[in-house]
Amino acid sequence: MAFFIVRRLLQAVGVMLAVALIAFALFQYVGDPVTIMLGQDATEQDRIELRAQLGLDQPAPVQFARFVANAVQGDFGLSLRQGQSVSSLLASRLPATVELSVVAAALALVVGLPLGVYTALNRKGRLSQAILALSLLGVSLPTFLIGILLILVFAVMLGWLPSYGRGATVDLGWWTTGLLTVDGWKHLILPAVTLSLFQLTLILRLVRSEMLEVLRQDYIKFARARGLSRRAIHFGHALKNTLVPVITITGLQLGGIIAFAIVTETVFQWPGMGLLFIQAVQFADIPVMAAYLCLIALIFVVINLLVDMLYFVVDPRLRIARKGAH
Amino acid sequence: MGGLIYRAWDSDLAYAWRTSPVAVAASLTLALLLIGSLGADWVAPHNPFDLATINLIDALTPPVWMENGNPLYLLGTDSQGRDLYSSLLYGMRVSLFIGLASVLLAMLIGIVLGLISGYVGGRLDALIMRVADVQLSFPAILIALLIDGVVRAAVPADMHENIAFPVLVFAIALAGWPQYARTVRGSTLVEKNREYVQAARVTGVSSTAILFQHVLPNVLGPVLVLATVHVATAIITEATLSFLGVGVPPTSPSLGTLIRIGNDFLFSGEWWITIFPGVALVLLVLSVNLLGDWLRDALNPRLN
Amino acid sequence: MPDTDALLEVRNLRVEFHTRRGVLTALDNVSFDIARGEILGVVGESGAGKSLTGTAIIGLLEPPGRIAAGEIRLGGRRIDQLDEDAMRRVRGKEIGAIFQDPLTSLNPLYTVGQQLVETITTHLPLSNAQARERAIELLESTGIPAARERIDHYPHQFSGGMRQRVVIALALAAEPHLIVADEPTTALDVSIQAQIIDLLKGLCRDRGAAVMLITHDMGVIAETADRVAVMYAGRVVEIGPVDRVIRAPQHPYTRGLMGSIPSIGDKSRSLTQIDGSMPRLNAIPPGCAFNPRCPQRMRRCSEERPDLMPADGTQAACWLYDKVVP
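Chains as they are written, first to last, in this note's numbering: chain A, 1 to 326; chain B, 1 to 304; chain C, 1 to 326.
Worth double-checking, as some hints may not be accurate.
Calculated pairs, PhoX-like style, for lysine-lysine (alpha carbon to alpha carbon, straight line, at most 25 Å) [stated by the list, open to error]: (1) A:221 to A:240; (2) C:201 to A:221; (3) C:323 to C:201; (4) A:124 to A:240; (5) A:124 to A:221; (6) A:221 to C:93.
Please keep in mind that the hints were generated in silico from the structure rather than gathered at the bench.
Just so it is clear, the structure is predicted and the values come from calculations on it, not from any experiment.
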C-alpha cells in the first residue's frame, strides 16, 4: 500500500515537472522574458543588467531549475496585460472559481446520481425515457449556449435573477466569499446550473450504463436466485458495485469542472480564474497562461491522486492481497 | 447488383436503422443540414459576404412571423443587415468543415499511434500510453485553448488570420487523438497474437502490411462509433472556442462566432440573432449524437 | 392425477422466444417429476434446453423468453404463474440454485459472511448474531477450514473450489427442499470436480433436499444421480433410473450418446458417432426432432411427434416403443 502511494506520488511529480517544462518553454521561447518582466519601455542598459541578473546567459537546465524554484514559491513574474504579479492576480480570482466549481459539482452529483440510478432500475418507464432524451439534449448543448438560454429566460424575460457578476461578497481573510449573502447566492445560481449541466448528464449516463452492466452480472442473478429482496439487490448489491468504477471516473470529471468554468465565467462575466485565462489568451499574456496551466495541472494531479486512493479504500480486491489459496 | 442492395437492406444494421424512428429522423435531419450547409452557395437566398448586397437599412429586422418581419429575410437580420438564414447556412458549413477535419486528423494520429503502440510494445508503447493517459485527464477545451494561445503569442498578429483554420483543426485534433489510440491499441494487442498474424510474420510479410491489411479492418468498428461522437464534441469545441473569441477569424464566422456576435443584442431584445444559430448548432450536434448513440447500440453484440 | 410423492412436477412446459424473425420454441412439451430427496440428472448437448429448464423453474426467465404453456408445481402448488414477490419468497427458501462460475457468482465487494448472513436473515427469523453462527456452521459443513476466520474474507481470497463450496453454502442457507444445480463443476479443475460433487450429494442427502443436476458430463451423472432425463432440441427424449439409461438406453439418441463415451478397459468397442448435429431452434424438423439423424427412422417419425412412452426399463419418446399397432 505504501509502495503504491509512493509510486503515485512520483508519477505526480513527474507530470508536474513535464507541465513546468511546457510552461518554461512558453516563457523562454514565446515572447521575450526580459520584456515580460520589465515591460516594453525599459532601456537597453536595464535589459542587459536584468539579463545577467536573471541568469539568462546561463545554460537552459539551470534556468529551468530556477524557473521551477520560483514556480514552487508561486512567483511567475508580472502579467503582461495588467502589470500586477501573476500570483496575486490568480489568488484574488481563485475563490470565485472555487466556489462556483464546488457548487456546480455538488449539483451535478446530487441530481445526476439518483437520476442515473432511477433510469437504470426503471429501464422501460416513460419517465426514464424522457430523462434520457433530456440527457441527450444536455450533452448536445454547448455550455455557453445553456448559459445564454438561461440568461434569456431568467434574466431578460422573467427578470428573476441577475445575469452577470458575483454580487455582494464577504471578505474572510484573503478569501472572498459570495456564499454568505442572499445576493451572492442569487448571482451564483445561473452560472452554477450552467456549469453543472454537462457534468450532470455525463454522470447520469455513466451511472445508468454502469448499473445496467452490473445488473447483468452473475452475482446479481445468484442474489435473485437466493430470494433477496429487490431493495437488497438494487441498493445493497447493484448500487454498491456500480459506485466503485463510477466514483473514480466521476472524480476525474469533476476536476474538469474547474477548466470548464472558463466558458461559464465568460458568459456570466464571473470574476474567476477562467475569465482571467481567456483574457490572457486573447492578449497573449504568457505569464498568466503559464501560471494558470501549472495551477490547473496541480489541481488535476491532486484530484487524480485522491481518486486513486479512494479506489484503494473502496475496492477490497486492491486492499487485500490474495492469501494462501488452496 | 439488385441482390447486393437487397442483402444490404436486409442486413441487421439496416434493419435496426429502418425500424428505429429515432435513427431515421436523426439521419434525415442531418442529411438536410448537410445539404443546406455544404450547398450553401446554391441554397442560401442571400450572400452575407457580398458587401454590395447588404443594406444597412434592413439591419435588426425580426423574423418573418413577427411584427416588422420581412419575407426577404426569413429569420431576420443582424446589426449589419445580413440575412440570418444565409449567415447560418454558411456558418454551419464552417462548423462542419472544422469538425470533420479535426476528427479525421485525430483519427489518423490516433490510429497510427495506436497501431504502433500495440504492435511494437515495450518502451514506445509505455511512452505513448503515458502521454495519452495524462492528456486524457485534461479537458479537450483546455488543450485546444492552450495550443491556440501559444500560436497566437508566437506568431505575429498579421499572420493570425491565415493560419487560424489549420491551427484550430490541429488544436482540436490534438486534444482528441488519445481515445482513438487507446482503442486501437487494445484491438491491436488482441489481433497481434492471433494465428493469422503470426503466420503472416513467419512467411515474411512486412509489419506495415500486416498492420494495415489485417489488423486495421478489425479495429474500425469501435473507431467508427468513437468518431461519430467525436464529431459532435469537435463541433461543440470549435463553437466554444469561436464564442470565446479564439476560434475562426471573423471573416468566415462559424455558428459559434454568430452566437457570440448575437449575444450582445440579447438584452436589447433582438434575441433571434443569437438564438437561431444556437438552434442550428443544437440540431446539428443532437442529430449526430442520436446517430452515434444508435450506432453504438446497434453494433453492440451483447444487447441482442 | 397429482403424484403426491413428487416434490417438483413439470407438465408440458413450453418456453418461447419472440424475436423479430418469428417465434422460437426453446422448450417443447417438457414433462418430468422430481421426488423428495432424489437426485435427477438432466443431460444433453449445449443448446438442448437443460439450463433453460432450470431457469424457468426458478422463475428467472427474462424477456423475450416466456413460459407459453404448461405447469410447474412445487409440493402441489403452482409456481409458474406467481407474481414476482411471491416467487421471490419461493426462491432461496424452497428452491435453491447453484450456477456454473463460482468466481462471478459472488459479489466481490462483500465478505462471504455478509452474503451468507444476508441470505439467512432474509428467509429465517434469526438475529444477526444467530445468523452468523449458522453461517459458520454452514461453511464448516461444506468443508472450509478455519471457517470462523474465513467467514470475514472476501471472495477473491478463496480458490475456485473453495468458492464453489461457499456458493453451495449460500444455496443451502435457507434450507430449501430443491436445489437446481446448473453445471456446478464445469468451471472447476478436474481434480476438484469429484470433491464438489460428492459434497453436494452428501449435503443434500443429509438435509433431504432434492437436486436437479444439470450437466453435459455423463460421468458426473453416473456417479451421482438416481434418475436421469436426456434432453434434445428442447424436448425430453428419455428419462429413467440412471443405471438403466446408461447401461441399456432405449432411445436411439441416448444410445448414440452412450456409445460415444469411451470407457477404460473396453478396447474392442469402437466409438459410435451420430451423423449430423442437433438442429437449431428455428429449424426443428417436423415429427421427432431426432429423425433426420436416426439410424432406425421410420416413416412415421417424420410425420408425428412421439411423447414419452414406456420402453424397457425407462421412458423414451420414440415410436419404436409404440404398443398400439396401427
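Hint-by-hint comparison with the structure:
With a C-alpha separation of about 16 Å, the suggested pairing of residue 221 (chain A) with residue 240 (chain A) holds against the 25 Å cut-off. Between residue 201 (chain C) and residue 221 (chain A), the direct Cα distance comes to roughly 23 Å. Compliance with the 25 Å bound is thereby established for this hinted pair. Between residue 323 (chain C) and residue 201 (chain C), the direct Cα distance comes to roughly 38 Å. Violation of the 25 Å bound is thereby established for this hinted pair. Distance hint between residue 124 (chain A) and residue 240 (chain A) is fulfilled; the C-alpha atoms sit about 22 Å from each other, no more than 25 Å.
The hinted pair formed by residue 124 (chain A) and residue 221 (chain A) meets the criterion: a straight-line CA distance of about 20 Å does not exceed 25 Å. Between the alpha carbons of residue 221 (chain A) and residue 93 (chain C) the distance comes to roughly 16 Å, so the proposed pair stays at or under 25 Å and holds.
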